[in-house]
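With the hints as extra help, turn the sequences into a complete structure.
Heads up, the sequence shown is in our numbering, so the first residue is 28 and it goes up one at a time.
Heads up, a few of these hints could be off.
[What the hints assert, rightly or not] BS3-like mimics (lysine-lysine), calculated; alpha carbons at most 30 Å apart, straight line:
no., residue 1, residue 2
1, K156, K200
2, K137, K156
3, K65, K33
4, K120, K137
5, K120, K87
6, K200, K212
7, K120, K65
8, K76, K65
9, K156, K87
10, K33, K76
11, K212, K156
12, K223, K212
13, K120, K156
14, K227, K212
15, K87, K76
16, K212, K137
17, K137, K65
18, K137, K87
19, K33, K212
20, K223, K200
21, K120, K33
22, K87, K65
[What the hints assert, rightly or not] Here are the simulated distance ranges between beta carbons:
no., residue 1, residue 2, range
23, S166, V45, 23 to 31 Å
24, P51, S191, 24 to 32 Å
25, S115, E174, 37 to 45 Å
26, P184, R34, 24 to 32 Å
27, R207, H132, 41 to 49 Å
28, R34, G237, 38 to 46 Å
29, K223, K120, 34 to 42 Å
30, L193, K120, 50 to 58 Å
Please keep in mind that the hints were generated in silico from the structure rather than gathered at the bench.
In this text, a Cβ means the ideal position worked out from N, Cα and C, and glycines have one as well.
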Amino acid sequence: MLQVSKRLSAYEPHIISVGTDDYPLTEHADGIYHHRIKISSIYRRIFNKLLGIDPYSYAKRASRIIERIHPDILHFHNVHNLIPDVLSYLSYKPVVISHLHNDFHITDSKGVDLILTCSEFLSSVYREKLQNNTVNIQSVYNGVDTETFNPSLKNSPLSLSLRSELRIPPDGKVILFAGRIAHEKGPHILIEAFEKLISKMSDIYLVLVGEIRRTGRQNDKRFLYGKDI
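Here it is in structure tokens:
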């Protein structure tokens, strides 16, 4: 959200998010207005746990900030089920975009004008779930900052050190997967494609970075779809 908002600074972007002790509740930096909502542990203990109510919910707090800013577009990032509550507190109807990066239990798209996902796999999942809805669902792949992730950096001391640790030659071509090792992320498809590719090219290497889901098979051995990795 931060990197995208930096590129939209001409449109006065605002980010509303959960607050922590590490950041101020309000801040203006790099052309972005930050509004951080911090819900204290005392509030959670008294209302959520003891009384089972949420009189001043995150949605209500966020809606007050939204009313004050009065934006034309609301872009909800991975919090689709929060949208109805937020909209119920607003006095007007902005354009609503729900941007989803995971497979959530969603049965309705009320109030949503557009659903964006980061892959065609997820788009197909939500088209199936919301087949009785008329909402537009599109795939927008995650971008890459080519100044930070630049092939010219492959000969840097850090890159050469990592290549040595992974036993990858300095001139070897690397395909990098960064994400949770889970079915919905599609690493198994990448591995199958790599098996075909490596039969034709000998100077390529596949590096997977991310949390590996354990299946519970054979104690601590790690498996990926039945294959010992």
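Hint by hint, here is what the structure shows:
1. K156 - K200: Cα-Cα ~39 Å, so violated.
2. K137 - K156: 14 Å, holds
3. K65 - K33: 23 Å, holds
4. K120 - K137: 12 Å, holds
5. K120 - K87: 16 Å, holds
6. K200 - K212: Holds. K200 to K212 sits at ~22 Å (cutoff 30 Å).
7. K120 - K65: Distance ~26 Å between K120 and K65 Cα, so the pair holds.
8. K76 - K65: Holds, because 17 Å separates the two Cα atoms, which is no more than 30 Å.
9. K156 - K87: 28 Å, holds
10. K33 - K76: 38 Å, violated
11. K212 - K156: Cα-Cα ~18 Å, so holds.
12. K223 - K212: 20 Å, holds
13. K120 - K156: The hint holds at about 25 Å.
14. K227 - K212: Since the Cα atoms of K227 and K212 sit roughly 25 Å apart, the hinted pair holds (cutoff 30 Å).
15. K87 - K76: 19 Å, holds
16. K212 - K137: Holds. K212 to K137 sits at ~27 Å (cutoff 30 Å).
17. K137 - K65: 28 Å, holds
18. K137 - K87: 18 Å, holds
19. K33 - K212: 27 Å, holds
20. K223 - K200: 16 Å, holds
21. K120 - K33: 25 Å, holds
22. K87 - K65: Holds: K87 and K65 sit about 13 Å apart, inside 30 Å.
23. S166 - V45: 23 to 31 Å: At roughly 27 Å between Cβ atoms, V45 and S166 fall inside 23 to 31 Å, so the hint holds.
24. P51 - S191: 24 to 32 Å: 42 Å, violated
25. S115 - E174: 37 to 45 Å: This hint holds: roughly 42 Å between Cβ atoms.
26. P184 - R34: 24 to 32 Å: 30 Å, holds
27. R207 - H132: 41 to 49 Å: 18 Å, violated
28. R34 - G237: 38 to 46 Å: 26 Å, violated
29. K223 - K120: 34 to 42 Å: Since the Cβ atoms of K223 and K120 sit about 49 Å apart, the hinted range of 34 to 42 Å is violated.
30. L193 - K120: 50 to 58 Å: Given range 50 to 58 Å: holds, Cβ gap about 52 Å.
Hints 1, 10, 24, 27, 28 and 29 from the list above are not met by this structure, while the remaining hints are.
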